Structures are given as C-alpha cells and as structure tokens.
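Chemist: First to last, the sequence lines map onto chains E and Y. Numbered continuously in this note's numbering, the first sequence closes out at residue 429. Numbered continuously in this note's numbering, the second sequence closes out at residue 316.
Simulated from the structure, these hints should not be mistaken for laboratory data. None of these values were measured; they are calculated from a predicted model. Just so you know, even glycine gets a beta-carbon here, dropped at the ideal spot from N, CA and C. Be aware that one or more of the hints could be misleading.
[Stated by the list, open to error] Under 10 Å between C-beta atoms, here's a sample of chain E residues computed to sit facing chain Y: (1) Leu141; (2) Ser142; (3) Gly162; (4) Ala167; (5) Ile189; (6) Arg200; (7) Gly274; (8) Ile301; (9) Ser302; (10) Arg303; (11) Gly349; (12) Val355.
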Amino acid sequence: MSQTQAAPAAVTAAPAATQPGVPATVKRTPQTEDTPRLLNRWQLVAVLACLLFAALTAGLQVLSWHANRAAADNTEQLVRVQNIQSTLFRADALATTAFLTGGLEPAEQRAAYDDAIETITRQITDAAEAQPADREALADLSAAVTDYNATIAQARANNRQGFPVGAEYLRTASTGLRDTSVEGSAIPIAQALVAANAERAEDELGAQHPFLILLPGLVALALLWWVNRQLARRFRRRINLGIAAAAVAVAALTLVGTVVAVVQAGNNSDLRDGDYSTSFHESTARTAANDAKANESLRLISRGSGQVYEDRWDTAAGVVEDNASRQTRPLWDDYATVHQQVVKLDDGGQYDAAVQLATTTGDEGSTARLDAFDARSQEIISTSGAATADALRSGNTGILVLAIVTLLLGISAAGLAVWGIGLRRREYA
Amino acid sequence: MRKLALALATVALLAGCGYSDTKVPGAVKPEAAPPASSTPCTDTGNPTRSYAPLAGGVPSPDDLPARSTMAKIQQRGHLVAGVSADSYLLGSRNPFTGVIEGFDIDMVNQVAAAIFGTAKGHVQLRVISAADRIPLLQSGDIDIVARNMTINCARWDQIAFSAEYFHSGQKILVQKGSGITEAAGLSDKRVCAPAGTTSLDNIQKLAPDAIAVTAGNHTGCLLKFQNGETDAITGDDTVLAGLVAQDPYAEVVTGQALTDEPYGIGVNQDQVDFVRFINAVLERMRSDGSWQASYARWLKPSLQTDATQPTPVYGR
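Chain E extracted, bound-state conformation:
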C-alpha cells in the first residue's frame, strides 16, 4: 500500500510521454485520470469480490451444514414425539382392552400399560431436553398424561370394587385424551408437536440451495472479469495473472460448492422421499392403528351403541391404509380381518364371542394381531428414523471442511488479486 501512496497524485498524458520505456503500457487516458487511484479502486473491487464470495459461500455452506444437523435433530425429535403419540394410544388401547376383559386386569397387560406410561414419561423428558421450542408444549403434555394416568388409576380402583363408576373414569380418561373441546388434552398437543417437528425437519431437509451457492461465485467472477478488462484496457495485457488465478480459484470453489450442494439437495430429497418418509408415515400408521384398537374396545364397552367408536375405527383404519409400509400392511390387514369378525359377532348378537375375540391373547384374537403390527411397525420406525439421522450426519462434516477451504481459498484469491494488481502498479511506477 505504501507504494500506491507514493505514486503521483495526478497523471496526465504529457508526463507519461516524458517517461521513456513506460508509454507502451499506458493507454491513452483522459487528462483527469488518476491511474494509481484507479488501480486502488480496482484492487478494492477485486478484493471485495473475493472476500465477499468467500464469506457468502462459506456462510451458505455453514448454513447447509447446520441445516443438515438440524434436520437430523428434528427427525429424531419427530420420531420421539410420534412415539409419544403412538404410545399414548397404545396405553389407552391396553387400558380399554383390559377393562373389557372383565375381572382383574391380566398382569401382563398391566405391565405393558405401565411400560407404555414409563416410555411416554421418559420420552417427554428426552424431547424437552432435545428441543427448547417444544418445552412448553411438552410440559402441558406431561400434565395431561399425569391426569390421564391418575384417572385410569381411579378407574382401576373403582373397577376392583365392582363399581360401574370405574367404567366412567375409564371413558373420561379415554375421551379426555382426545378431547379437542378443552385446552390441554394430550392427543391434540401431541399432534401439534408432530406437526411442528415435521415442518421443522422438512424445512431443514429442503434447506440446500445450489443456485444460491452459485450466485456469489458468479458475481465474483463477473467483477474479476470486469477488473481484468479495465486492467487490460489500460495496460495492454489481456490477462492479469493474479486476477486470473483468483478467478480460477473462485470458479473452482463455485463449481465444487455447487456440485456438492446439488448432490446434497438430491440426497436430502431422496431421504425425504425415502427413509424420512417411511419413518413419518409408519409412525402415523402406528398411531392410527393403536387408536383403532382402543376404539374397538370402546365400541364393545359401549355394547351395541358403539357406532361412534366404529366410525372412529374406520377413520383410523383409513389412515393406517394410507400410511403403512409394505412390510406392515399385511399385518394390519390380518388385524382388520379379525376386527371385522368382531364387528360381525357383535352385530349378530354374539356379544360375548365378540369380546372373547377382541380380548384373547391367543394368535387368533385381534389383540395379538395388533401387537404383531405394532412391534413390526416400531422396528421400521426405529430403523428408518435412525437411517435418516445417520445419512444426514455422515458426510456432513465434509460440507464444513469445504466451507473452511472456501473461506481460506477465497482469502487467498483476494491475495492473488492484490498481487496481480501490484504487478501493474509496479509497471506503472
């Protein structure tokens, strides 16, 4: 820079002509043109172009890296909240089915119910730790689950004494779980959590922008080309080595960055349609399947007036059919076939046989069939959810490395531009 400052402040055609050996490099310029000042200005343009390119491209790459990390976290959170939702319905299905059995609740069903509640409680804690934005909703959900569990406990206590108010507690708990007419019901909160996390995960999955990565590079290249052109016009050299080297670095980084972004966007799109979608849809199917089983029991508890629950079963069945994977769909169909037999028996006046088919733990009953669906479904959700998060995390460090390389090479490109213009400045001096 001291060299630039040492250069004469004003240059005219006349003094240029008086300096032998130099005139060939100096283009005819208007009388007022101040070449060192112009060189300063072009250098500033070239340096800013390189630095802004480096900062913006590296920034976008950091955002892309962050988006992938966030997508992985959000997918895991989505799997968690969907599991909470499914497990809530599962707990309700277990409670209502146990009630239908009559007499004392079978020990294994009681244990399964307790396990379900424990899973929900633990997952609520995990979820609150993982996503601060969900904390308030999860606190409300936790309170709703506590209420539900307390009401089921009252139902059980009254049931053990043979009091029909036990059935009312059960119905209140079951209806309260799904009640949209009061604020703070568990299922509407769980649904809101699922919707919010699905939106977050999908937004982050779609946060790779190859065209945006291309933009700073193109602008920088255009500016470098312009600077080179200005230099060429004044110094009669078509190519300035430093500017050209900077342009090559910018072009290479832009190309690599764009290719990486295109590939990443493609991978994320495949993931969204693949493992992520499988996990999301299978979870939706699992939730609806457990809802259906709870409604099957409520239908039988309502004994002949359960059409409202049968309608809910139909709605839930539609959701399962739309969302279940190829692996679980046959298991759902197995269950649905037995459910239709339950309906046929109940409608045909064989209530006891219908209850027997719905509550038996044998393979022929609807409980075992639903359990088979639920277990397989859980496996698929766990595998595909983990696969989504792993895919997003693996190779993601590469994007961060690329961002650092882009930043460093971008700064180097600025240095090259300074060096290139420095050559001209020396020639001029």
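Since chain E is already given, all that's left is putting chain Y on it; use the hints.
Modeler: Then chain Y, alone, in the frame of chain E:
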C-alpha cells in the same frame, strides 16, 4: 469491510437462530346440546294408563299369536333391548363378570323368557343414552327400552309404554355431613344432572341460585362429585341409590321426593300387541313374586324401604 462483517454476522445469526415455540392448540368448542324438549301435551288423562294385558295372560312361547310382534322377535332369535350400563342397581356392567345386570335388566329378561322360554342366549342388550331411547324405538332398531324411563304424556305422543313397573321420584345426593336437608339448601351450591334432562329445572325452581353442572350421565356426575367439581347430584332415587352404593361419603337427602317418576317399559307406538304382552308379563311377575325378588335383590338394600309393584292403570 463493514459489508463483510455484516454478512458474516447475518450468517452467524441465521445459523444460530432457534425455532418459535410449538403452539399448544386451543379449545375447539362444540355446538351446545339442545335443551330438554318440553313438548306441550293435550292428553289430560292419567299418563300411566296403558293397554290392557293380553286376555288369558302370557301365552306359552310355542303359542304366540301368529304375525304378532312377539312372534317376529321369536323368529329373529333375540330380543333387542335398550338399557343403561352405568346405572348401578338398575342396569350396569358387572366389572367382575362383564355382564350387564340390575333391576331393569331383570324386566328385560322376564320379557325375553316369556317369548323364548328362557332369556339365556336370547337377549341382545344395547347400551343407549337417555337421548337415544325414543329415536331408537321409533326407528325399530330396538324392541324395548328398560332404562329407568319415566312415563309421561309428551312421550306417549311418540312411543307406547307398558304399565308402571316402578315408582321413583327425584331426590338429591349430597356429601355426608354437608348439612343440606332439603332442595332449598342448594342455593349457591353446584348441582349436577345429566345434560338434556329436566331434573335441574326442578331444582332451580326450589333453589334459584343453585349452579347447574352437567355431565353425560349420572355416573359422570358421581365422578365430578368425587373430584370436587359438584356439591350435589340430583336424579331419581333409584339412580342415586346406585351412586350412594359406590361412594361411602355420599348420602341421599331423605324426605318427600321432588317429583313423581313412574317407570315404564318403552315400546314402539305401533306395537300395541307387544305392550299388552309385556303388561301380561308384569302381571305374572306380581303374582309369582319375581318382581319382589328383583326388588329385594337390587334396590331394597340401598333404598332401605319395602316396596310393592305399582298398581297398573289400563284403559288406553
């Protein structure tokens, strides 16, 4: 350089920013249920009068009149009865056996036994709400309703009734030691009754400052009572007896009932032959002591008074 700093700051800010809080959905209020209907009624006669029982008493199951309603039911193989499954002692599901039982269910079984010879395997109980009783009878989905249903003039315009099989009356259930001894003492107290019934209107005539609380049914009111959401429950003494039997901290205010609630078995308006048949069954229950046996088994331990089968009124 300032631009660069700004850009870097923006990137850092964007990368580090969190999400907005997940919104907890608000309440979606459903449309309010219509109030209990109070259709004006023109019949000034005694509403409990029914059709005279079949001459010659209850026919044997092998000898039911051809093409009669009873014969059709027999052909179908089961009697479909609308009942309650949560009115303890009248019609409720026994949690140990899963069987619906009670005083009203005994009435259903008597009618089924008269048609089939035995009730076993010939009764299909449909648990219905109070609001479903008349529509389901009118549509023919159910043959009879035995669900603590009060005979009144307005209902006679829509369905038919058997002769009165139990005489009940509206009373009040309160917490033991509450000091409430009459309906007037319910001022500023919360009183629960099922939505869509007229019980609360009767209370508010005597205690205008009473606060109405509703639930889906009387057992729902007991749940609210146990959870401290209501101070009292009002309803028929039979129903309240069933609630008291489930809660040692509750008692029914003794004394005169606020209303008369004559219970009848509901039947489709067009099936007069069936009403006559049921009335014959009720007459048989009086003479063979089965009504007394049912009363002694279900209601007497809680109501703690003797009762006799109401004297039937015919002439419709």
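Chemist: Does each hint hold? Answer for all of them.
Modeler: Structure-based check of each hint:
no., hint, in the structure
1, Leu141, "holds (8 Å)"
2, Ser142, "violated (12 Å)"
3, Gly162, "holds (5 Å)"
4, Ala167, "holds (6 Å)"
5, Ile189, "holds (6 Å)"
6, Arg200, "holds (6 Å)"
7, Gly274, "violated (24 Å)"
8, Ile301, "holds (8 Å)"
9, Ser302, "holds (6 Å)"
10, Arg303, "holds (4 Å)"
11, Gly349, "holds (4 Å)"
12, Val355, "holds (7 Å)"
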